[in-house]
Amino acid sequence: MPMRPSKEWVAIKMAERGGRGSGGHGSLDKSITLPPDEIFRNLENAKRFAIDIGGSLTKLAYYSTVQHKVARVRSFDHSGKDIEHEPLYEISVQEEITARLHFIKFENTYIETCLDFIKDHLVNTETKVIKATGGGAYKFKDLIEKKLGLKVDKEDVMTCLIKGCNFVLKNIPHEVFAYQKDSDTEFRFQTNHPNIFPYLLVNIGSGVSIVKVETEDKFEWIGGSSIGGGTFWGLGALLTKTKKFDELLQLASKGQHTNVDMLVKDVYGGAYQTLGLSGNLIASSFGKSTTADKEFSKEDMAKSLLHMISNDIGQLACLYAKLHNLDKIYFGGFFIRGHPVTMRTITYSINFFSKGEVQALFLRHEGYLGAIGAFLKGAEQDNPNQYSWGENYAGSSGLMSTSPDVFPMQRTRSGTFDMFEMDRLERPLVNLPLLKDPSTYIPDTVDLTDDAMARKYWLTCFEEALDGVAKRAAASQPDSIDASERAEKFRQKYWNKLQTLRQQPFAYGTLTVRSLLDTREHCLNEFNFPDPYSKVKQKENGIALKCFQSVIESLDSLGWEERQFALVKGLLAGNVFDWGAKAVSDVLESEPQFGFEEAKSKLQERPWLEDSYSQWLERLKEGPPHKCALIFADNSGIDIILGVFPFVRELLSRGTEVILACNSGPALNDVTYSESLIVTERIAAMDPVIHRLDKGLAVLVRERETDLVIIEGMGRAIHTNYYAALKCESLKLAVIKNSWLADRLGGKIFSVIFKYEVPCK
Amino acid sequence: MICWLMVGTWAASLQSSPAAGTGQCCSEVQSRPRPTVLSGGTRGLDAPLGNSEIFPWFGLDIGGTLVKLVYFEPKDITAEEEEEEVENLKSIRKYLTSNVAYGSTGIRDVHLELKDLTLCGRKGNLHFIRFPTHDMPAFIQMGSEKHFSSLHTTLCATGGGAYKFEQDFRTMGDLQLCKLDELDCLIKGVLYIDSVGFNGRSECYYFENPTDAERCQKLPFNLENPYPLLLVNIGSGVSILAVYSKENYKRVTGTSLGGGTFFGLCCLLTGCSTFEEALEMASHGDSTKVDKLVRDIYGGDYERFGLPGWAVASSFGNMMSKEKRESVSKEDLARATLVTITNNIGSIARMCALNENINRVVFVGNFLRINTISMRLLAYALDYWSKGQLKALFLEHEGYFGAVGALLELLGSA
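Chains A and B, in that order, give the protein sequences. Under full-length UniProt numbering, the first residue of the first sequence carries the number 1, and numbering increases by one thereafter. Under full-length UniProt numbering, the first residue of the second sequence carries the number 1, and numbering increases by one thereafter.
For the record, the hints were derived by calculation from the structure and aren't laboratory data. Incorrect hints may appear among the rest.
Here are the simulated DSSO-like pairs of lysine-lysine, each with C-alpha atoms no more than 30 Å apart in a straight line [unchecked claim]:
| id | chain 1 | residue 1 | chain 2 | residue 2 |
| --- | --- | --- | --- | --- |
| 1 | A | K243 | B | K322 |
| 2 | A | K139 | B | K322 |
| 3 | A | K128 | A | K47 |
Based on the sequences and whatever the hints tell you, model everything.
Right, dumping it as C-alpha cells:
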C-alpha cells in the first residue's frame, strides 16, 4: 500500500459548526479574475521553462522550488532535569525547500500578457532556452524570444506527447478513466498498473495520429486519419456557420442526428436481422441530406457530424488495436479535451466496433501531456524521471467538465486559467511487497464518486469540521502574527475545494475519504500550517508516557489468556482517543489512566461487529511465534503509547520482531515517524523488552520475512485497506467513532472491528 | 433467410428455407448448361411446377438511395412462344428494351448491357436499369397498373428495401416479394458476372502505376482464382466482406461514411441536387484549398513518421479559418468531400485487409459509377500506404451485383 500520510476522519472530534455557505458559489467565478501572481506561482525560482502552443490553448511548464515550513521534533537531553515538568521533546518549525512542477494552461489570446508577466517576475537568469512544442510553437517563436529573451528550442510534438503521457501514467494516481454514459458516475477511474506498456495513444487534434507505445523510449506512429477535430470544426463551420469549436459541440449536444443520417431502419424498415444490425445504426452519415430543397437544423447537422467523426475514429482505432493486439487505447487531443459529448461518442464507437474487447480510456491531464513532455526534454539533466511526483491538490485546478449542459457552472471556467502542480515526493511510493495482488489493489473501501449518499455525507462532515480545523491551525502558531489570516485563507481554499468536489466529484480522480484528507493536508501546507497538532501531540505523548509503566505492570499481573484480551482491548481503547473533545483532554490532564479505562468501557462488548478474536487467540496459542510483524500505527499519545506499545512488547517477548510503520509527514494527530522515534527511545529506556528500532520499510519487510501485518485505526483499516488481501496473516482493527459509518456497517458508535485474516494457501 | 415461391401457388406458399443449397445452379448452368432446363416449352399459368422460371426474369436490389434492376431479355423466343406470350409480358419487354430512360428518373445503363448471355439454357441480353429509391412507390404503382401480378412470376428482391417495401408490394401491387439477403446476392452477382465476362472483355480491372498520374492506366485483371478477397461495397453506406470461397464469407465491418455521405454533404455544401452534378463539380475543384496537408503544418514531409507533405493531415482542416472559408469555391468543397470519403474508405479497407490477411481488395457499388477520381484515388492510396502490398480491383458493373444475385436466386430456386 502506498505509504502516504493518510488519516482517519475526525469529524466527531471537532464537531463544531462548520463552513460558511456564502463562500462557496463565488469560487469558480472568482478564478477568472485571479491575479496572474496566483497563477504563475513561485516564479522567483523558476527555471527549465517549456511551452506547448496548440491551436487554441497554450500550456506553460516550469520547475521551481517552494520554501515551506515543516514541523521538526527534537529530543531534549533529559539527564539531570526535571522530567516531570518538561515537555517530552522540542518542536521547531523549520524552512524546507522542495521541488515543484508548475503547469499552466490558458487561451492563446492571453499569451502576450502572460509572457510579459513572466518576464517581469523572472529572477533566475540561468535560464537561456525555452523548450517549445505544439503546432503553434512556430508561429509564436519570435514573440517568445523577444519577450522572454530566451532561445526557443523546438521539440517534436509526438515525442513530447508520449513522454508526458508516460509520466502522468506513472506518477498520478487515478490519471486514467473510462467514460460511462448511463451511470451515476460518468468517470470510472482506473487503478494505476505497475506496468503501463504497451498501449495505443490516439491523439485527435486537427487530424488523428495513432501511436503504439512500447517502452519509455520506444514508440511508433502506426497510422492516422485525416478525419479528426479539424474536420469537425472546419466542416461544422461550413455547415452551421458557427465559428467556435465549443459552440459546435454545444450545438451537437442539442441535435438529433436521425434527421440527417440514414439509419438501417430507414433502409430496411427495421433491423437488418441477418447481420443482427440494429435499426438505429447509422447506415449512411448525411444520407438523408441528399436533397437540395430541404432545410436541416444546425443542431442536427452538428450532431450527425460529431457521430460521423467519432465513429470513424473509433473504428480505425479498433482496427489498429486489433492489428497490434492491444486492448487499451488512450485518447487525447483537442477533440477530446474533457468534452463529455466527444468522450461519450468515442467510447460508444470503441465498444461497438471492438464488441467490448477494447477499452477507450481518457486522461485527466490530457491537455498537459505535450507541455510535460517538452519540460521533461529540457530537464533531462535534473533527472525528473528518477523521482516520484505527486499531484498537489491545493495548487491544481482539477478536471473540469466543459459541457455546459452537464455542469452549468463550468461555462465561466473555460477560457480562463487552469493549473496543475506536482510536488517531488521525499521518497518513491511503492506497493507493500506483502500485497497479494498489487495490480488489483484498491486501497479505498468506498468510492465516493460512485456512492452519492456517502459522498454527500462526507463532504458535509468535512465542511462542518472546517472551522475547527482552521481554528486549531491558527492556535498551533500563537507566536505568528499572520496565523489567523493564513488560517482564514486555508479555510476559504479548502471550502472552495469541497464545493468543486460537490459539483465535480471526479475532479481529482476517485473521490475518497483519503483524498479529502490529503487535499486538506495540501491546503494546510499551502498556508504554512505544517503540523497544527504538533503541540497537542507533544502534550499527549508526554502524559501517556507517564502511564506506560503502570499499564505494563497491570498487564503483567494478568494470566496469559486474560492478558491477550486486555492487550487487544487496550489497542482498541487507545484508538478511541482522538483529539477535539475537550472533556477527554481534561480527563487526560488529571487522570490519564482513568481516561484509558473509561475508553475501554465504551467499547462494544463481544461479539464485536466484526469479530475473529477467537481465531486470533487460537493462532497465538497453537501456532509458532510470527517471525516479524509490521504494525501500521495510528494516533500519537494514548493510542501508540498505551495501546500499541504494550502489544508490541508482547509480540517481542514471543520472539517476534516488530516493524512499526508511521506516517512520514504530519496528518492531524497521527504519530509521525520522527515522533515515534523519540517515543520509542523513551519507552526503550524504561522497558528492556523494547530495544530495537528499524528504519526503512519495503526493504525491511522483505528482509525480515514479515508474516503478520497489523493495521490499526479507521483511516488505515476501514476507509482504506478493509478489503486489501495480503500474502501473510493480517489483523485489521478499529473502533468506529462515527455513527453514520457505524450505521452503514450495521452497528452502533464504538463498534469494534477486529478482522483477523489468514491467506488461503 | 431465403424465401422463394413456387409457381402457381405462390400466394400461399411463401416459405423459408436454410440458405444452403440454393442458388447455385445458375453459375453451373453457365459453364455446363443443364439439358433438362427449358426446351422452349409452353410457359405461363399452366407451366409445370419446378422446372424453371417463367418470364419475365427480374432481379431487384432496393438500396438506401438507388434501386437497381436487372432484366433478362430472352432473344431466343420461338414463334410459338411469341404467340403465347401474354400481352402484358410483351409490353414490359418492349417497354424496357426500347427505351433508355423511364419516367424522369429511371435510366438504363446501355453501356453495361451483357449481350448473348446464356442463362438457364436461354439466350438473351441482360439489361441494367436504375432509379432512385424514393420513386419506389411510383414503381409499385406502375406494376399495379400494368397488372404485373397477373404474370404470376416471382419477384426476387434484395437490399434493405426488399424488407421496407414488402408491405407496399403486397398491398399496392398485389405482389409477393421474395426477399433475399443482400450480401449473399452481392457475392453471387460478383462471381457470376466476373465469370461470364463483359461482352468478351474482362469484367475486372485495375489501375497500373496508380501513383503516377502520367503513366496510370486501366488494365484488365484476371480474377480466375478470386479467393480470398476483400469485397468493399460502397453504396449509401459501406459494407466490407472477406470472401474465402463461394459459400464462405463474412461481413468484416462497415462504415456509415459512404456514397450517401459524399452526396449528402455535397448537397448541403454546394446546393447541388444530383450525384452526377456533385461529381462534375468535384472534377473541377481543388481539395488542397479545403484540406490541411502535412506540408501546411510541417512545411514539407513529416520525416519523423514518414509522412509525405502532400498527405492530408486534416480533412476540411483549412476550413477552421474564416478567411479560407470565404475563399474556397463550391467545386473545391465538392472535391474535398469526395477525397475525404474516398480516402477514409481506402483506409478502413486497407486495415481490414491487413487484419484479415488478404491482399486483393475489390471495390464495387454505385459510388464508383462514373467516378474515376475515387477509383484512382483508392488504387493509389492502397498501393502507397501498403507499400505495394495491396491491390485495388474494380468491376465494370459497379452497383448491379446485388440485383444480378437476386436474379440468379430466382433462377437457382427452380
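Going down the list of hints, with the structure as the test:
1. As the CA atoms of K243 of chain A and K322 of chain B are separated by approximately 8 Å, the hinted pair is consistent with the 30 Å bound.
2. With a C-alpha separation of about 18 Å, the suggested pair K139 of chain A and K322 of chain B falls inside the 30 Å cut-off, and the hint holds.
3. Simply put, K128 of chain A and K47 of chain A have alpha-carbon atoms about 9 Å apart, close enough for the 30 Å limit, and the pair holds.
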